[in-house]
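Asks: Top line first, the protein sequences correspond to chains A and B.
If you read the first sequence in my numbering, its first letter stands for residue 7, the second for the next number, and so on.
If you read the second sequence in my numbering, its first letter stands for residue 7, the second for the next number, and so on.
Just to be clear, a hint being listed does not mean it is correct.
[Claimed, not checked] According to the in silico footprint, chain B covers these stretches of chain A (three or more CB under 8 Å from chain B):
1. 161–175
2. 304–318
[Unchecked claim] Not close to chain B: a few residues of chain A, all C-beta gaps over 10 Å, as computed:
3. Leu-98
4. His-101
5. Lys-247
6. Arg-289
7. Met-321
Honestly, the hints are just simulated from the structure, not real lab data.
Beta carbons: idealized from backbone N, C-alpha and C, even for Gly.
Number of protein chains: 2
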Amino acid sequence: MLAVHLENGIVSTQQTPVPQREPGFALLRMLVGGICNTDLELQRGYYGFSGTPGHEFVAEVVEAETRELVGKRVAGEINLCCTCCDWCRRGLGRHCPNRTVLGIVRHPGAFEEFFTLPERNLRVLADDLPTERAVFLEPLAAACEILDQVRITAGERVAVLGDGKLGLLIAMRLAAEGYEVHQFGRHREKLAIAERAGVATEIPEELPKAEFDWVVDATGSAEGLRAAVAMTRPRGTVIMKSTVHGGVTLDMAPVIVNEISLVGSRCGRFEAAMPWIGNPAIRLEEMLSDRFALAKAPTAFARAAERGVLKVLLMG
Amino acid sequence: MLAVHLENGIVSTQQTPVPQREPGFALLRMLVGGICNTDLELQRGYYGFSGTPGHEFVAEVVEAETRELVGKRVAGEINLCCTCCDWCRRGLGRHCPNRTVLGIVRHPGAFEEFFTLPERNLRVLADDLPTERAVFLEPLAAACEILDQVRITAGERVAVLGDGKLGLLIAMRLAAEGYEVHQFGRHREKLAIAERAGVATEIPEELPKAEFDWVVDATGSAEGLRAAVAMTRPRGTVIMKSTVHGGVTLDMAPVIVNEISLVGSRCGRFEAAMPWIGNPAIRLEEMLSDRFALAKAPTAFARAAERGVLKVLLMG
């Protein structure tokens, strides 16, 4: 079968055997995969990754212990957790210390013709949900995670910093919940998508200071995080939604004097994203920049890394 | 009258006129002042302070518009707020953007024979409360502030990092609330005070990793803050309780991946500290290292800065 391979920053494709399905696992045939910023970071060498990447997907179940799953179209939770530690028992398998992660940590990813996941990770998709919307379930769950972690009073103003894919999903998701969302970015075409979803958007010459009780940093940069802190009012909260690599130098004195909270936030529950994935208020179709056959993965990765490009899909 | 003067890192005393009492203000005669780490930081040049320091005090009311206050023994909130902004209306005058701060920001401090504060800042002390306990009201309020900001479920384990004055107050206050408190420090004699208050204490060779859901950093150092983050379990909270000056370089990737919250925390409500200031479970007397007459302030500041010394008092 055809599999994407990532090693030393080089994306290639190769022929490999169809993987063996272990007990409790399903064998999946990839229908669509989405290239995420994390995939581009793996390519840049973070986490010393080598293997098949890919964790955003829609697939068809080919083999499974549970008969009813076979033939079904599914998406899936990407953390493969042990099910028996404290974290797993609390429903927080995403923090299981024994976990592997699809296409990220010690489990081959979805960018190959066939791959495996535990059956318990799978979510069967509604027949009327387009595959090219369903492929956004994983990043939409990451956007929803914010509301699992902090309680934002209905109707409050929330600033979103950054207009990448995750920033747009967050802004649209929060706007759909009824918050007054202000998104600050650098790309007019990207911000226009959020604007159509009811988000107030701006390409600011200078970012506001101490103006929001809630600020989501989705810039992925140390500079963005520092700006997010400066935008936050005393007693306010910065949600750190994108990974900044290496040491970030922050002046903690204003964080302490102004009693600001910084909340790290990563991937989220699929259950929280399911009610929203079919909702047209989240303008997922407009976030699709390009599609490539799986065999063209090297070109697709290069395209996804271009400035101004949003979601690039790999078609199985 | 005699007043302590701090300028360019030099503590001196000088003769100055008794201050004028403005409308709404009380004229206070200092009984006891406590030297705080913030005073030592002012001396080291942070905030470009020049003038009379001092914000921990017990005083006698000499003149006031409210007759009943005259002759009373009082402590006082240190933030002089405008009373009419959004923050003040929400009872958060400590964050009022128009505030001055006793002995810290544009209002002469308590380390002088007579000083002034708005009457609304004053708290009349119970007759049976010893003055040398009451002088801890301000730092005890800062310790109590933690429980105003975060909700820690009853009985949970909390780690306190650092065994300075604030670290001890925090550890004893949280232990008195019923939490299982583990304090990590470097001074056997200081930790012994918390130990007697029911805190489990330790001078560790190496700090634990990912072991606590709640960690209070009271070290005042960037290194301590980094250690506090490393001690915190996924989804846990670090309360940043002591000011670290200058840029702090933190690796934010584990904060984000483990969804850790960092909560800045500063001074607190006197109302929250009042029920505890007379409680012998908070072993304040044991935290007294030395007493000096106001005229000996230069010596007192030098003593307070010595390693191993806890609270140094100035006697009016």
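Asks: Give a verdict on every hint.
Replies: Hint check:
1. Closer than 8 Å: that is the beta-carbon criterion, and the stretch 161–175 of chain A has 0 residues meeting it against chain B, so the requirement of 3 is violated.
2. With 0 residues carrying a beta carbon less than 8 Å from a beta carbon of chain B, the stretch 304–318 of chain A misses the three-residue requirement, and the given coverage is violated.
3. With a cut of 10 Å on Cβ distances, Leu-98 of chain A falls inside the contact zone with chain B, its closest approach being about 7 Å.
4. With a least beta-carbon separation of about 4 Å from chain B, His-101 of chain A fails to lie farther than 10 Å from that chain, contradicting its non-interface assignment.
5. Distance check on Lys-247 of chain A: its Cβ comes as close as 8 Å (rounded) to a Cβ of chain B, failing to clear the 10 Å threshold; non-interface status is violated.
6. In this structure Arg-289 of chain A is separated from chain B by more than 10 Å, as the shortest Cβ-Cβ distance comes to about 26 Å.
7. Separation of Met-321 of chain A from chain B is adequate, the least Cβ-Cβ distance of about 30 Å exceeding the 10 Å criterion.
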